[in-house]
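Novice: As a plain string of letters, each chain reads:
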Amino acid sequence: MSKLVLSGLTKRYGSHAAVDTLDLTVESGHLVSLLGPSGCGKTTTLRLVSGFAVPDGGSISVAGQVVSSARGVVPPEKREMSMIFQSYALWPHLTVAENVAYGLKLRKLPRADIERRVQAMLDTMQLRRFEARYPAELSGGQQQRVGLARALVVEPKILLLDEPLSNLDASLREEMRHEIRRLHDRFHYTTIYVTHDQAEAMTTSDLIAVMRDGKIEQAGAPDDIYERPETEFVARFIGSTNILRGRRVGEHEADCDGLRLVCESGHWPEDGSAVVSIRPHRITLSGAADGSAPGTVERAIYLGAQRHYIVALDAGPKLQVLASSDVLAHEGERVGLTLPPAHCRALIR
Amino acid sequence: MSLALNTTRRLRLGHVDLSLIPLGLAGLFLAMLVLLPLGWLLAYTVTDESGALSWTNVVELADTSLFLEPFITTFGIALGVASLACLLAVPLAWLVARTDVPARRLLRGLVMVSFITPPFIGAVAWVLLAAPNSGLLNQYYRGITGAGTFDYLFNIFSAAGIIFVMASYAFPYVFVLAANTLDRMPHDLEEASAILGGGRWHTFRRVTLPMVLPALLAGFIIAFLQAMTQFGTPAILALPAGFHVLTTKIWSLFQFPPKAHLAAACAMPLLLVTIFLLRLEKTLLGRRGYTMVGGKSGSPQLAKLGVWRWPALLLALLLLFVTVLLPNLVLVRASMLRSVSDPWTLETITWANVPLVFGLSNTVGVLKNTLVTGVVSATLGTAFAVLIAYLTARRAVPGHQVLGFLATAPAAIPGIVLGVALFIAYTRPPFQLYGTLWILLLAFLTIEMPPAYQQMQAAFRGLNPELEDASRILGAGRMKSLAKVVAPLLKTSVAATWCFVFIGAIRELSATILLTTSNTKLVSVLIYDLNEGGALGGIAVLGLVLMAVTAVVVLIANRVAHVGVMPDGR
Chain P
1 MSKLVLSGLT
11 KRYGSHAAVD
21 TLDLTVESGH
31 LVSLLGPSGC
41 GKTTTLRLVS
51 GFAVPDGGSI
61 SVAGQVVSSA
71 RGVVPPEKRE
81 MSMIFQSYAL
91 WPHLTVAENV
101 AYGLKLRKLP
111 RADIERRVQA
121 MLDTMQLRRF
131 EARYPAELSG
141 GQQQRVGLAR
151 ALVVEPKILL
161 LDEPLSNLDA
171 SLREEMRHEI
181 RRLHDRFHYT
191 TIYVTHDQAE
201 AMTTSDLIAV
211 MRDGKIEQAG
221 APDDIYERPE
231 TEFVARFIGS
241 TNILRGRRVG
251 EHEADCDGLR
261 LVCESGHWPE
271 DGSAVVSIRP
281 HRITLSGAAD
291 GSAPGTVERA
301 IYLGAQRHYI
311 VALDAGPKLQ
321 VLASSDVLAH
331 EGERVGLTLP
341 PAHCRALIR
Chain W
1 MSLALNTTRR
11 LRLGHVDLSL
21 IPLGLAGLFL
31 AMLVLLPLGW
41 LLAYTVTDES
51 GALSWTNVVE
61 LADTSLFLEP
71 FITTFGIALG
81 VASLACLLAV
91 PLAWLVARTD
101 VPARRLLRGL
111 VMVSFITPPF
121 IGAVAWVLLA
131 APNSGLLNQY
141 YRGITGAGTF
151 DYLFNIFSAA
161 GIIFVMASYA
171 FPYVFVLAAN
181 TLDRMPHDLE
191 EASAILGGGR
201 WHTFRRVTLP
211 MVLPALLAGF
221 IIAFLQAMTQ
231 FGTPAILALP
241 AGFHVLTTKI
251 WSLFQFPPKA
261 HLAAACAMPL
271 LLVTIFLLRL
281 EKTLLGRRGY
291 TMVGGKSGSP
301 QLAKLGVWRW
311 PALLLALLLL
321 FVTVLLPNLV
331 LVRASMLRSV
341 SDPWTLETIT
351 WANVPLVFGL
361 SNTVGVLKNT
371 LVTGVVSATL
381 GTAFAVLIAY
391 LTARRAVPGH
401 QVLGFLATAP
411 AAIPGIVLGV
421 ALFIAYTRPP
431 FQLYGTLWIL
441 LLAFLTIEMP
451 PAYQQMQAAF
461 RGLNPELEDA
471 SRILGAGRMK
481 SLAKVVAPLL
491 KTSVAATWCF
501 VFIGAIRELS
511 ATILLTTSNT
521 KLVSVLIYDL
531 NEGGALGGIA
541 VLGLVLMAVT
551 AVVVLIANRV
561 AHVGVMPDGR
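Protein chains in written order, with the numbering used here: chain P, 1 to 349; chain W, 1 to 570.
This is chain P alone, in the form it adopts within the complex (with noise of 0.2 Å):
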């Protein structure tokens, strides 16, 4: 278990800066998840953390000490980190006991010390029955335990996992995502998930840091990136919500095409304009009568637990809601909107 620090690290290909002077640090034993549509340099980040890419600018240490920066890197195979690969990347001429295996001989461990370890983590992956099978011959979910096996033996100082899951079918990776993270309660590695299934994100991380255009664009908690985002990229890609957009007109408060609208928290662009998001939960629907905001509904969806309305604000703008199942609602019926200013967040871009 190591600090690991990432500073201004930049990778170009060509003119174009895959990562754009990141900066990050995963606290001993935490796990972070690098979360964001593709192309946005998670996978790249990884790279250079493993060390198969050297950076062109800025560093990354482990427990204090440089491991990459654009003088030189620390070759992979010397960095004592592990990881678990987007294809599993199990060797399949080697048995899954010899795939876990694999790591400890490198490390010339005595023969009885290696038996005893690959035994210890099969029995903790529920493996031990697969020992002998070749990985062809597993299902994926097994496939996957077996990668997790293979990286985990070796007591690495740095967890690298990349995109573990996008794999398996749904199903699977819901089971998984809660074995990862149980498997990161018992062992407490420093790791880092890559990732672009922001569900995946929240179940397993300390903390998401969300990545866009090689930058990160806002670190926390999962709790505080959902409720609290910063701006309408990341408020847009973890959950849905409901942007308007519009001019300040006061301390807190925005006027969207009439609508107007009290926002609690959140911050202000300095141009006067005013972004808003707010979550297509947070709006109670009631009747035409009450609500801040009339318009009508164009769309009704009934959806087993909520039922989600389109409504066309009589102000303008179109809004998303969510509500329980019981409040109910016709297709071109009159409705009001109550907009909570609790719940209504000002974004700077």
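Rather than coming from a laboratory, the hints here were simulated on the basis of the structure.
It is possible that some hints are incorrect.
[To be verified] The calculated lysine-lysine pairs, modelled on DSBU-like cross-linking and capped at a C-alpha distance of 30 Å, are:
hint, chain 1, residue 1, chain 2, residue 2
1, W, Lys484, P, Lys105
2, P, Lys105, W, Lys491
3, P, Lys78, W, Lys491
For this one, chain P is given, so just place chain W on it according to the hints.
Specialist: Structure of chain W alone, referenced to chain P:
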């Protein structure tokens, strides 16, 4: 705490990337392999004997008997071969891929057998069968019809004869392309057309044909190129008929006294046409939509031939019997008889040809030369292909695209052109290799580099780089990862590539014919010499030995890698 690696952790500051060294060496060697000979070829084309810049060679190309006539003949023959090959291959491919004709696997297998026979041996077989006087078929014809002694049905020593023989050995290539396309073409596209109301003919014309057409044109080009660049078949069949094609003309320019400058000038158009046609083929096959996009589709709906099933099979078998089995059969026959005109009975069968061939003063040396160059080219060529394919597939070094280009470039150099170029490049200091086996080795390395490289490149592409990364992050260095992970996973591809290069090397004639001397003769050239001396029984024995070795190696390669090995017919 983490388990420590038995290595000291250090930051390599201002490090020198060691992988630049193999790049430099590989690049240099590849450049020498390809650019040096071609550079000399160009230099010789535009200079005269004294070395002064001059257009006389190029001007002389206008001389009809030197260049224009052979050029036109070559073009005509190549067009004929390509057309005939398509005419034979396409219906056959359709039969086995798209109809319910019986014994489809057998038919496919028989076509593959045709790859075993080097075309120049096939040409000798057809001399045995259809030479105007001694040809067996003509003898039977005279026997049956009572025609006069000098009457004949077939004359293989003619343009038509050459076209027929070359087409017999070119049509399998067109067949493979056409059959693969038909196999892969999802039948639901055809069904979609039928559902939308397209009649059978309409569906064929508007859906099936446009999808097969690019492959068909590519096949046509391949057959054309083979016919244009082959030396053996025209040398065996056209020279007795008293005319030249380009390859034989170039060869004749090397007969004493050698006219290397003229030969270089004659080789240049051959090179340019080949490059042009290969580019054309690439555009045709590279078009989107040729490789079908996505989606599962079941086994294709086979056309029902009804009463025509058996006649169709019979016709296909007849075609394959004539083009594939008959020549091989006549070689077996000739190998067992003292004189090719003897009847084939138990009394006349003899082993005499075997000691005759192996009793020749140089046969053992020739076999040894062939084996040595074959093994060394295969080993070096494969090792080299692995190195370059690794560097390019992993983009391990800057400039890897140049390596890839250099490794595939020789595909555009016809064997005989390479022969001329190597002859010029290596008969002078600092590389005086003519007269040694080294020059043959260089020739084979160059000729076989593109297919070997492409096979290894495909193998590396099929290997997820994360397998290697996983090994490195767990503590194994680059070389150790190559040894423990990459090598075990690629060994079958490596073995298949080795076999491929070996077969290519032991069968090569077009470049070899210009590069051997009496001390460095190879089997292919010995066969050619025996043909000039009329020792057909001996050729049959050597030819069968060569084919047997090829067949065994192909079988091994197929077994280890399930890769269809297709030695090409140069």
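Novice: Against each hint, give a clear statement of whether it holds in the structure.
Specialist: Against the structure, the hints:
no.: 1; hint: W/Lys484 - P/Lys105; in the structure: holds, 12 Å
no.: 2; hint: P/Lys105 - W/Lys491; in the structure: holds, 23 Å
no.: 3; hint: P/Lys78 - W/Lys491; in the structure: holds, 28 Å
Hint violations for this structure: none, all hints satisfied.
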